[in-house]
Amino acid sequence: DQQVKQNSPSLSVQEGRISILNCDYTNSMFDYFLWYKKYPAEGPTFLISISSIKDKNEDGRFTVFLNKSAKHLSLHIVPSQPGDSAVYFCAARRRGSTLGRLYFGRGTQLTVWP
Amino acid sequence: NAGVTQTPKFQVLKTGQSMTLQCAQDMNHNSMYWYRQDPGMGLRLIYYSASEGTTDKGEVPNGYNVSRLNKREFSLRLESAAPSQTSVYFCASGEQGMNTEAFFGQGTRLTVV
Numbered sequence: 001d002q003q004v005k006q007n008s009p010s011l012s013v014q015e016g017r018i019s020i021l022n023c024d025y026t027n028s029m030f031d032y033f034l035w036y037k038k039y040p041a042e043g044p045t046f047l048i049s050i051s052s053i054k055d056k057n058e059d060g061r062f063t064v065f066l067n068k069s070a071k072h073l074s075l076h077i078v079p080s081q082p083g084d085s086a087v088y089f090c091a092a093r094r095r096g097s098t099l100g101r102l103y104f105g106r107g108t109q110l111t112v113w114p
Numbered sequence: 001n002a003g004v005t006q007t008p009k010f011q012v013l014k015t016g017q018s019m020t021l022q023c024a025q026d027m028n029h030n031s032m033y034w035y036r037q038d039p040g041m042g043l044r045l046i047y048y049s050a051s052e053g054t055t056d057k058g059e060v061p062n063g064y065n066v067s068r069l070n071k072r073e074f075s076l077r078l079e080s081a082a083p084s085q086t087s088v089y090f091c092a093s094g095e096q097g098m099n100t101e102a103f104f105g106q107g108t109r110l111t112v113v
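Sequence order for the protein chains is W and G.
Count the first sequence with my numbering and you get residues 1 to 114, in order.
Count the second sequence with my numbering and you get residues 1 to 113, in order.
These aren't lab readings, by the way, just hints derived from the structure by calculation.
For each residue, glycine too, the CB sits at the ideal point set by N, CA and C.
Any given hint could be a false lead.
[To be verified] Each computed DSS-like pair below joins lysine-lysine, with the alpha-carbon atoms no more than 30 Å apart:
1) K54/W to K68/W
2) K68/W to K9/G
3) K54/W to K5/W
4) K9/G to K37/W
5) K5/W to K56/W
6) K71/W to K37/W
7) K9/G to K71/W
8) K56/W to K68/W
9) K37/W to K56/W
10) K71/G to K9/G
11) K71/W to K57/G
12) K71/G to K5/W
13) K56/W to K71/W
14) K71/G to K71/W
15) K71/W to K54/W
16) K37/W to K54/W
17) K5/W to K37/W
18) K57/G to K71/G
[Claimed, not checked] Just the calculated beta-carbon pair ranges, DEER-fashion:
19) K14/G to M29/W: 26 to 36 Å
20) S28/W to D38/G: 21 to 31 Å
21) A82/G to I18/W: 43 to 53 Å
22) P83/G to Y39/W: 19 to 29 Å
23) Y39/W to T111/G: 12 to 22 Å
24) G16/G to D55/W: 44 to 54 Å
[Claimed, not checked] Heads up, incomplete: computed chain G residues facing chain W, CB under 7 Å, no partners named:
25) G40
26) G42
27) L43
28) E101
29) G105
30) G107
Make the full structure from the sequences, and use the hints.
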């Protein structure tokens, strides 16, 4: 049973425009959410995170929004650049669990074209 | 500072063969993890070790064993490889805490024929 869902397998965006990647979760015990970026033949790298006590976290071109009532989060990339083309994984951790028990979505392939 | 290092990067096994995937981290993290990634499936936790001397099953532990050799090293063993274990395996490490992330190695691409 997929507790973290990324319903869009792919997203294509023109360079300079906004990329919005979406993620839904079903477990109300999740209290910490992360986005990872993965290039081919590399391991996932941490991008940005948000705690359930916040509704927004910003880091440069990347902003994550959390809507707890809807159990939904989104990653905004503004402006998008060709180097942002990668697979983006949404992940969540349950309250009280050890760090590594992250639950991952299936990923969204972002393609940024010139 | 290498972070998380996995060996080998690629491996082809025949059904029934055994092998051990090695992982080492130099960040002095207490916790280490093994995930597998399959097409369209995201990353699924196989085993984890919250601290040296302890290991626990994750979501998909069947067919695997692990050893937390010391604080730095966490190995994953396939005793009798099956085609269903064809996957990309990622080792990760991290600190236990409220708001911290896990750091991943570059992965081992394993094919079982």
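Hints and how they fare:
1. K54/W to K68/W: holds (9 Å)
2. K68/W to K9/G: violated (39 Å)
3. K54/W to K5/W: holds (20 Å)
4. K9/G to K37/W: holds (20 Å)
5. K5/W to K56/W: Roughly 20 Å between the alpha carbons, so the hint for K5/W and K56/W holds.
6. K71/W to K37/W: Between K71/W and K37/W the Cα gap is close to 21 Å, so the pair holds against 30 Å.
7. K9/G to K71/W: Roughly 37 Å separates the two Cα atoms, so the pair is violated.
8. K56/W to K68/W: holds (11 Å)
9. K37/W to K56/W: Judged against 30 Å, a Cα distance of about 19 Å means the pair holds.
10. K71/G to K9/G: holds (22 Å)
11. K71/W to K57/G: holds (27 Å)
12. K71/G to K5/W: violated (33 Å)
13. K56/W to K71/W: holds (14 Å)
14. K71/G to K71/W: violated (36 Å)
15. K71/W to K54/W: holds (13 Å)
16. K37/W to K54/W: holds (22 Å)
17. K5/W to K37/W: Holds - the C-alpha atoms of K37/W and K5/W are around 16 Å apart, at most 30 Å.
18. K57/G to K71/G: Cα-Cα ~18 Å, so holds.
19. K14/G to M29/W: 26 to 36 Å: violated (42 Å)
20. S28/W to D38/G: 21 to 31 Å: holds (27 Å)
21. A82/G to I18/W: 43 to 53 Å: holds (44 Å)
22. P83/G to Y39/W: 19 to 29 Å: holds (27 Å)
23. Y39/W to T111/G: 12 to 22 Å: At roughly 21 Å between Cβ atoms, T111/G and Y39/W fall inside 12 to 22 Å, so the hint holds.
24. G16/G to D55/W: 44 to 54 Å: Roughly 52 Å apart at Cβ, these two residues keep to the hinted range, so it holds.
25. G40: Constraint on G40/G satisfied, holds at 6 Å.
26. G42: holds (4 Å)
27. L43: Nearest chain W Cβ about 4 Å off; hint holds.
28. E101: This hint holds: E101/G lies near chain W, its Cβ roughly 4 Å from the closest one there, short of 7 Å.
29. G105: The hint holds - G105/G has a Cβ within 7 Å of chain W, the shortest such distance being about 5 Å.
30. G107: holds (5 Å)
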